[in-house]
Amino acid sequence: MLLEVDNLNVYYGAIHALQGVSFNVEEGEIVTLIGANGAGKSTTLRTISGLLQPRTGSIKFKGKEISTTPAEQIVRLGISQVPEGRKIFAPLTVRENLMMGAYTRTDKNEIEQSMQLVFSSFPRLKERIDQLGGTLSGGEQQMLATGRGLMSKPSLLLLDEPSMGLSPILVEEIFRIIQEINKQGTTILLVEQNALMALSISHRAYVLETGRIVLSGDAHEVAENPQVKSAYLGV
Amino acid sequence: MEVGFLLGSLLKIALLLGYLYGLLRVMGHPKLWVKALGVLAAFAVIQVALTDFNGFKLLNAFDQGLLFQAATMTMVALGLNLIYGFNGQFSLGQWGFYGIGAYCAADITYRWVNGDARGFLVVGIGIILGGLAIWGIGAFLKRYRGIPVLSSFTFYILGVVAAGFLAVKLGALLNPLFAPLLGTPANPGPLASGLALQVVFFFAVIFAGAFTAEISFLFGLPVLSLGSDYFGIATLGFAIVINTLMVNSDTILPFPEMKGGRGMIGIPKLTTWFWAFFFLLVVIILMRNLIHSSTGRAIMSVREDETASRAMGINVAENKLLTFVVGCFFAGIGGAVYAHYIGFLSPGTFDFLVGFNPLIIVVFGGLGSMTGTIAASFGWVFFLEGLLRVLLSQMGTEAPTWRYVLYPITLLLLILIRPQGLLGNVEWGFLKSVKVASRQKEAGTPPTGDAPQSIQEGA
Numbered sequence: 004m005l006l007e008v009d010n011l012n013v014y015y016g017a018i019h020a021l022q023g024v025s026f027n028v029e030e031g032e033i034v035t036l037i038g039a040n041g042a043g044k045s046t047t048l049r050t051i052s053g054l055l056q057p058r059t060g061s062i063k064f065k066g067k068e069i070s071t072t073p074a075e076q077i078v079r080l081g082i083s084q085v086p087e088g089r090k091i092f093a094p095l096t097v098r099e100n101l102m103m104g105a106y107t108r109t110d111k112n113e114i115e116q117s118m119q120l121v122f123s124s125f126p127r128l129k130e131r132i133d134q135l136g137g138t139l140s141g142g143e144q145q146m147l148a149t150g151r152g153l154m155s156k157p158s159l160l161l162l163d164e165p166s167m168g169l170s171p172i173l174v175e176e177i178f179r180i181i182q183e184i185n186k187q188g189t190t191i192l193l194v195e196q197n198a199l200m201a202l203s204i205s206h207r208a209y210v211l212e213t214g215r216i217v218l219s220g221d222a223h224e225v226a227e228n229p230q231v232k233s234a235y236l237g238v
Numbered sequence: 005m006e007v008g009f010l011l012g013s014l015l016k017i018a019l020l021l022g023y024l025y026g027l028l029r030v031m032g033h034p035k036l037w038v039k040a041l042g043v044l045a046a047f048a049v050i051q052v053a054l055t056d057f058n059g060f061k062l063l064n065a066f067d068q069g070l071l072f073q074a075a076t077m078t079m080v081a082l083g084l085n086l087i088y089g090f091n092g093q094f095s096l097g098q099w100g101f102y103g104i105g106a107y108c109a110a111d112i113t114y115r116w117v118n119g120d121a122r123g124f125l126v127v128g129i130g131i132i133l134g135g136l137a138i139w140g141i142g143a144f145l146k147r148y149r150g151i152p153v154l155s156s157f158t159f160y161i162l163g164v165v166a167a168g169f170l171a172v173k174l175g176a177l178l179n180p181l182f183a184p185l186l187g188t189p190a191n192p193g194p195l196a197s198g199l200a201l202q203v204v205f206f207f208a209v210i211f212a213g214a215f216t217a218e219i220s221f222l223f224g225l226p227v228l229s230l231g232s233d234y235f236g237i238a239t240l241g242f243a244i245v246i247n248t249l250m251v252n253s254d255t256i257l258p259f260p261e262m263k264g265g266r267g268m269i270g271i272p273k274l275t276t277w278f279w280a281f282f283f284l285l286v287v288i289i290l291m292r293n294l295i296h297s298s299t300g301r302a303i304m305s306v307r308e309d310e311t312a313s314r315a316m317g318i319n320v321a322e323n324k325l326l327t328f329v330v331g332c333f334f335a336g337i338g339g340a341v342y343a344h345y346i347g348f349l350s351p352g353t354f355d356f357l358v359g360f361n362p363l364i365i366v367v368f369g370g371l372g373s374m375t376g377t378i379a380a381s382f383g384w385v386f387f388l389e390g391l392l393r394v395l396l397s398q399m400g401t402e403a404p405t406w407r408y409v410l411y412p413i414t415l416l417l418l419i420l421i422r423p424q425g426l427l428g429n430v431e432w433g434f435l436k437s438v439k440v441a442s443r444q445k446e447a448g449t450p451p452t453g454d455a456p457q458s459i460q461e462g463a
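Chains as they are written, first to last, in my numbering: chain A, 4 to 238; chain B, 5 to 463.
Treat the hints with care, as some may be off.
Said to hold, decoys possible - The calculated DSS-like cross-link candidates involving lysine-lysine, where the alpha carbons are at most 25 Å apart (straight line), are:
hint : chain 1 : residue 1 : chain 2 : residue 2
1    : B       : Lys436    : B       : Lys173
2    : B       : Lys173    : A       : Lys111
3    : A       : Lys186    : A       : Lys129
4    : A       : Lys63     : B       : Lys146
5    : B       : Lys16     : B       : Lys61
6    : B       : Lys16     : A       : Lys65
7    : B       : Lys273    : B       : Lys173
8    : A       : Lys65     : A       : Lys232
9    : A       : Lys156    : A       : Lys67
10   : A       : Lys65     : A       : Lys156
11   : A       : Lys156    : A       : Lys63
12   : A       : Lys67     : B       : Lys263
13   : B       : Lys273    : B       : Lys61
14   : B       : Lys436    : A       : Lys111
15   : B       : Lys436    : A       : Lys129
Claimed, not checked - Quick partial rundown of chain A residues pointing at chain B, CB under 7 Å, derived from the structure:
hint : residue
16   : Ser70
17   : Ala74
18   : Val78
19   : Gln84
20   : Pro86
21   : Lys90
22   : Phe92
23   : Tyr106
Read the hints as simulated data drawn from the structure, not as lab findings. All residues carry an ideal CB built from backbone N, CA and C; glycine is no exception.
Start from the sequences and build out the full structure, keeping to the hints where you can.
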């Protein structure tokens with residue numbers, strides 16, 4: 004088991020945002036969390052990556068408890084988050100943005116290898132290597148954010164809404180690349196509003212509703228569930 | 005007369021900017037011997053201009069003063085640009101740290117030439133012990149998570165105070181070993197003259213920088229966790245506290261030689277052009293190498309987005325503290341160099357209102373542009389002090405007051421016309437990121453497919 008989340012409770016002040024969330028991610032999987040706005044999807048990811056502190060509950064990564072580990076240490080353990088809204092560093096060049104992703108690593112040759120690997124997944128980034136991050140289009144920024152997340156050579160990549168604000172063609176391309184990255188050996192935990200698309204590439208899925216997991220199972224089973232169909236897939 | 009002077013001054017500013025451009029260009033040259041030769045030539049040009057040839061000097065005493073003032077201002081402003089421009093922490097305390105550096109170094113050398121080695125010994129031992137205490141406590145606290153900032157601050161301050169106490173005792177103990185070799189001002193001993201004095205001066209500057217850095221660490225630790233605006237107010241408060249301490253340095257502080265509000269006189273004038281140039285280069289090189297390192301990218305990414313930075317594995321609080329300490333170190337160095345040029349320190353020089361000058365220079369030159377800060381420091385000193393003061397004084401005794409009208413108007417115009425600052429993101433020669441330039445050539449293949457040309461290619 005790569006990631007085990009057990010009975011996680013997270014609060015924003017008095018608001019009980021996650022109410023006993025439990026799920027797990029196996030090595031090599033793509034797992035999706037779907038749910039409406041405010042269901043707690045992003046909160047879950049932010050808690051795993053250490054940006055938020057859970058009040059109770061445990062998060063085990065490779066069998067090690069990480070729920071109280073600070074964010075900067077969690078990156079070193081092999082979890083990398085691609086934050087919602089991309090959050091690339093606008094005044095840094097594409098190369099510098101990618102180098103930021105490798106901040107925790109020291110071996111220059113290995114970093115260069117990772118960069119070449121990112122360029123093989125995202126050839127567009129290579130064309131724009133010395134361009135400032137802020138001058139990229141939305142799709143390219145998403146590619147850059149994802150590439151930056153891969154630069155720390157994570158075993159688990161947390162993707163928060165990669166399709167946000169992108170045209171349908173670009174969404175398809177991004178999801179194709181996510182699958183590719185997964186096939187190269189990176190486990191992926193995906194949070195998406197675009198449930199149909201996310202379920203089509205995932206192995207398993209969990210449905211979150213107001214801070215609780217209400218449904219889980221194989222991605223196609225979840226996609227077939229009549230409740231999910233009416234609530235999230237609009238069919 | 006006025007027109008001639010005006011043109012002459014403008015020419016001087018233009019020549020200086022050309023000089024800086026040339027210096028940075030040659031420092032960025034890939035060949036080491038060209039670099040060394042170029043830097044040497046740059047040093048020599050000013051050295052010759054400052055030399056007296058039978059009463060003829062290319063740069064008169066007034067210009068010389070401006071030159072040294074500009075060099076120290078560059079160090080202070082570069083430090084502030086690191087804190088504010090690159091890291092996004094709005095600090096108004098830079099001037100206070102500048103003052104700490106100035107008084108600290110001045111006290112060391114003043115005591116030294118007056119037959120008292122305690123300044124040198126106490127500060128030297130103090131910063132080493134204090135540094136060790138900070139490092140040790142830091143390593144100890146790292147083992148625990150979730151310690152409130154104020155608790156760790158208590159540990160640090162206790163450790164540093166203990167180190168300081170020990171340093172004072174040790175200094176008093178070791179002083180008799182040195183005192184006989186120092187002599188008196190009228191009859192300096194072997195350690196208080198010639199090369200030995202130069203070495204002491206060099207260490208006094210470094211000590212002053214390190215002392216300032218440790219003070220800034222203790223101050224920054226609790227205060228940096230405040231939001232940016234509150235941090236600005238706190239640093240302003242700090243500058244005022246420091247200024248008040250300077251005014252009362254002979255009454256509430258045990259430093260009668262600083263003479264409080266009357267000003268400290270008799271500081272040995274040890275800053276030659278060699279030292280000013282040397283420390284200026286050191287600060288520029290340190291700054292440039294820091295910015296173009298992985299830590300430098302981390303510093304900039306913290307300014308852009310703290311959440312994303314944490315997700316990259318950056319310890320944001322540590323990063324801010326490091327930046328603040330390095331920036332204040334530069335201010336301390338600048339202060340030390342200034343004190344030994346001017347030979348006289350008055351609390352009025354370190355008034356918090358004057359402390360806005362480095363801030364104005366940083367914004368004027370462009371936030372996050374090292375070249376902009378360097379150029380603006382030189383340009384600003386020569387414009388405000390050189391050009392306006394002399395030019396306006398020829399129009400009547402009251403006229404120089406007008407420079408504080410003309411100068412804000414200039415600032416306003418610049419902000420309206422070029423909000424990104426004088427130079428924006430442009431960096432000259434040495435300060436550019438070398439790696440990017442070389443990789444660009446290496447990856448010279450044109451982009452394929454239907455992708456539009458990237459805007460920076462070939463630029």
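Quick rundown of the hints versus the structure:
1. In summary, the hint linking B/Lys436 to B/Lys173 is not supported, as the alpha carbons are separated by about 48 Å, beyond the 25 Å threshold.
2. With a CA separation close to 48 Å, the supplied pair B/Lys173 and A/Lys111 exceeds the 25 Å bound.
3. At most 25 Å may separate the alpha-carbon atoms for a hinted pair to count; A/Lys186 and A/Lys129 meet this at roughly 22 Å.
4. This hinted pair checks out: A/Lys63 and B/Lys146 have alpha carbons roughly 22 Å apart, not beyond 25 Å.
5. Only pairs whose Cα atoms come within 25 Å are accepted, and B/Lys16 paired with B/Lys61 is accepted, the gap being roughly 15 Å.
6. For the given pair, B/Lys16 sits about 66 Å from A/Lys65 by alpha-carbon distance, which is inconsistent with the 25 Å threshold.
7. At roughly 29 Å between alpha-carbon atoms, B/Lys273 and B/Lys173 are farther apart than 25 Å, so this suggested pair is violated.
8. A threshold of 25 Å between alpha carbons decides the hint, and for A/Lys65 with A/Lys232 the separation of about 34 Å lies outside it, so the pair is violated.
9. At roughly 19 Å between alpha-carbon atoms, A/Lys156 and A/Lys67 fall within 25 Å of each other, so this suggested pair holds.
10. Annotation: proposed proximity of A/Lys65 to A/Lys156 holds, straight-line Cα distance about 16 Å (limit 25 Å).
11. For the hint pairing A/Lys156 with A/Lys63, the CA-to-CA distance comes to about 19 Å; that is within 25 Å, so the pair holds.
12. Taken as a hint, the A/Lys67 and B/Lys263 pair is broken in the structure, with Cα atoms around 62 Å apart against an allowance of 25 Å.
13. Restraint check for B/Lys273 and B/Lys61: satisfied, since their Cα atoms lie roughly 20 Å apart, inside the 25 Å limit.
14. The hinted pair formed by B/Lys436 and A/Lys111 meets the criterion: a straight-line CA distance of about 21 Å does not exceed 25 Å.
15. A distance of roughly 21 Å separates the Cα atoms of B/Lys436 and A/Lys129; the hinted pair therefore holds under the 25 Å criterion.
16. Taking 7 Å as the C-beta contact cut-off toward chain B, the hint placing A/Ser70 at the interface is violated, the least distance being around 11 Å.
17. For the restraint placing A/Ala74 at the interface with chain B, the shortest Cβ-Cβ distance is roughly 4 Å, inside the 7 Å limit, so the hint holds.
18. Proximity of A/Val78 to chain B holds as hinted, the smallest CB-CB distance being about 3 Å (cut-off 7 Å).
19. Contact between A/Gln84 and chain B, as hinted, is supported at the beta carbon level, the nearest pair being about 4 Å apart and thus within 7 Å.
20. Annotation: interface hint on A/Pro86 holds; nearest CB of chain B at approximately 5 Å, less than 7 Å.
21. The criterion of a C-beta within 7 Å of any C-beta in chain B is met by A/Lys90, whose closest approach is roughly 4 Å, and the hint holds.
22. Given the 7 Å rule on beta carbons, the hint for A/Phe92 holds: about 5 Å separates it from the nearest Cβ of chain B.
23. Annotation: interface hint on A/Tyr106 holds; nearest CB of chain B at approximately 5 Å, less than 7 Å.
Comparing the model with each numbered hint stated earlier shows that hints 1, 2, 6, 7, 8, 12, 16 do not hold.
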